[in-house]
Amino acid sequence: MTLTIFRNSHLIASLALSLGISSTALANDKLPVVASFSILGDLVSQVGGEHIDLTTLVKANGDAHVYSPTPKDALAVKNAQLLVMNGLNFEGWMPRFLESAHFKGTKIFASDGIKTITIGDGHANEHHEHEPEGHDHDSKHHEHEPEGHDHDSEHHEHEQEGHDHDGEHDEHDEHDEHDQHDQTGEHDNHGNEHHHDGVDPHAWNSISNVKIYIQNIEKGLSKADPENSQDYKNNALAYLRKLDQLEIKLHAKMDTIPQSQRKVITAHDAFAYFSRDFHVEFIAPQGTSTESEASASDMAAIIKQIRKDKINAVFMENIADNRMVEQISRETEVKIGGKLYTGALSEAQGPAASYLEMMQYNVTTIVSALTH
Amino acid sequence: MISELYSLFIEPFSDFSFMQRALWGCIVLSISATPIGVFLTLRKMSLTGDAMAHAILPGAAIGFLVAGVSITAMTIGGIVAGCLVAILAGVVARHSNAEEDSSLAAFYLLSLATGVLIISAKGSNMDLLHVLFGSVLALNNDALILLTSIATISLLALAVLYRPLVFECVDPAFFRSVSKLSSVAHYGFLLLVVLNLVAGFHALGTLMAVGLMILPAAIARFWSEKLGAMLIIAFATSVISSYFGLFLSFHASFATSPAIVLVMGSIYIMSLLFGRHGGLLSNN
Amino acid sequence: MISIIDLCVNYKDSLALDGISTEIKQGELVAIVGANGAGKSTLLKSIMGQLKPSSGYIDLGKLTPKDIAYLPQSHQIDRQFPITVREFVSAGAWQRISFWKMFNRAEKVLLEQALSKVNLTGVEDRQISALSGGQFQRMLFARMLMQDADILLLDEPFAAIDAQTTMDLMEVIHDCQNQGKTIITVIHDLALVNRFFPNVILLAKQLIGSGKTQSVMTGSNLSKAGYQHLAYIPHQTQTLSENDTSRQSEQPDGKNADYSQICSNPAHYEESA
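Chains as they are written, first to last, in my numbering: chain A, 1 to 372; chain B, 373 to 656; chain C, 657 to 929.
You may find that some hints are simply not true.
Unchecked claim - Partial pick of chain A residues on the chain B-facing surface, computed with a CB cut under 10 Å: (1) ALA294; (2) SER297; (3) MET299; (4) ALA300; (5) LYS304; (6) ARG323; (7) VAL325; (8) GLU326; (9) GLN327; (10) ILE328; (11) ARG330.
To be verified - In silico PhoX-like pairs for lysine-lysine, Cα to Cα no more than 20 Å straight-line: (12) B:LYS552 <-> C:LYS708; (13) A:LYS211 <-> A:LYS115; (14) A:LYS107 <-> A:LYS211; (15) A:LYS335 <-> A:LYS253; (16) A:LYS242 <-> A:LYS253; (17) B:LYS552 <-> C:LYS722; (18) A:LYS335 <-> A:LYS263; (19) B:LYS552 <-> C:LYS757; (20) C:LYS837 <-> C:LYS722.
These are computed hints drawn from the structure, not numbers from a lab.
Each residue gets a CB set at the ideal place from its N, CA and C atoms; glycine is no exception.
Chain A with its partners taken away, still in its complex shape (with noise of 0.2 Å):
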């Protein structure tokens, strides 16, 4: 009986919270836009201000590679206008949600026009060998397993397929051939960040090519919300002139490290095109992998890369790595950098809290680990 009345309420609640949320959106008048992820969420903010309800669906510190949508996300989605994503086949998920959501608006692709890279072709891609014949990284991590722990990420199959993407993409392409990499589970923190079929979708972490996403934001929203667009103009003039300064002003940073020297270790592959605006060197780890035990043979293999290429600094961050790049670093005398942001915001006291912020704070970081 009294479980009755409580779903009843609770039924009754949500609905009204629907309802209210909806009735907010076109009461005030507001655009309802869908940002995918964190950092789109910011460009996408700084360009619409005021006049957009922005909803972010991959929030700081999420990872956008293996996201599960929630019902909130579903609702906001099926509300907005405009949905903002990176493109690029970044998103994976987001086709058969869109279709589940009843997405009615417009989706408009922030990368449209950049420049790409495509993966296995172009530099810092080139010494990403994954081994898969060598190690079967899905063994289980601990022999021991008693813990009933999740090891269910399992390493992901780095497929290097052979083919050239040449050119012309076809960024409006959502066809689900990637859902494979729809994986359950907690998926572990980075490194095993899976390549998408040919093009690099991790544009944003080159500057110049944000310039062009403010631009494809501004025409969006824009374009969905004529009313406005003067401000959308001159907010997206505004913040391009905040990225130039802070282009000037990361470039002298990373001059200060001879380009000789630019050379680091790390297993996240989101950094190619920044390797190609900083002209920094990002080098795969030889072998190892997050997850599962490394063989000694592993260790070795970075140890005499990095003595064989000078190579200056590591970053690697999952706490399995830790002691091993401790030891690593005792030997080789390397220095091990901090966290870095590739593919999310941090949480609002951090130190990545923007995009701006986050673009600063890598490069920082990478520059005082380079630096003797």
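The hints should help you fit chains B and C onto chain A, whose structure is shown.
Chains B and C only, in chain A's frame:
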């Protein structure tokens, strides 16, 4: 030829300090863990060792929750949990109809479940476990110090407890009649087991910690009937396996801990077949 | 002298001994006899001090538990344990050397003497797992001798060994008695008791009788203690019919045939001083 052998067998260790540390860590742990393992198998308590390993988890987890990545906190937590389980199991067995092995099983399962609960309530379970369970390739100075201290303490304790332990194993009824040290020997020994497991976990991970204790002892039994010889054979087996495990890990890219334990396992199978005492194919 | 006064002992929630009162004088050779579950081992352990009485008490007079040597039942011993005879027997010196003192010359001499008394000289370095049943039992005796105690408590020392070894070990016991030691033995073999043990304590949780073997081991006492089949000892066939009738009459009176009459060899032993 010589240089080839050198590069095969010596170079991995001379070139890389992590290999030296790994080997050293294994040797140090072998010093204390193998004799304890021998006594465990003689007392028919090998599975107890395994159960205790599980019992330690929540203690170490609590230590971590309380004090973060502090070896002291986790070690103490682990020791407390291990001892608690051992004592509870013994007490329950003595005062009820339950037998010691089933009550031990009950308590270790209980503590294991507690551990998992604590860990999952705290959230990021992966991080915690990685912190709790070390890797033989990443022995930092703290870990080496821990291993060395525990090895020293264990050796001293074993030297002191050797006679009581032996007598208590052979004829507990008699020993109890001449000495009050019987329970001291029994619980002191369990404490040593817990200490070595905790040190083993933290430095080398669960697989190695238990493996190093039990397998060499099991192997030694096939080759000697004398206690002294067993202790030496167990130690030697452990060191040799560690070396070859690291060797395989280096040259064939096997994950390290499993490689070491697998080498031990193969030696065990060889001993099972050809061992001088009780080997299936030998004349005994 | 050991006085046992109204001793009640619980063992695992049930009463193992119910109101035992008796005395054991110094230098006596006493057998504790009774059917399974009669409380024999319990009594020994209580004298040892290993079991606490739930009521009553045991008065050891001027003696302390240190003066008592206990030979427990041998089935609990791990015979596969890798230990030599020498090491095993040296456990008898525990109370003198504990875990830190060295095993010195004097102790070595004692060890040799103990081994020679039980005829085990020469096997010192053999593993105990390589011993025969008889040798093993001798070894246990040697350890007991090492203890050099005034009171010897033995729990079924002759279980599962051959007749020759039994006789040899009985000799050893006699020797000990001659040295003035008090010896209390739990024993199953009634023939042995009657031959060699002047005194007996007959138990069936309660005390059926204690004192001189001849007077205690009557047919009625024995049947009270749960022994029903004694009349059928094979080599006593000539007295069978007599015992048959007396048993059938079910009269627990002293007129029934004495056990000592049944036995062909009257006890030959010496009265202790």
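What are the numbers of the hints that this structure violates, sorted from low to high? Violated hints: none at all, because every hint is consistent with the structure.
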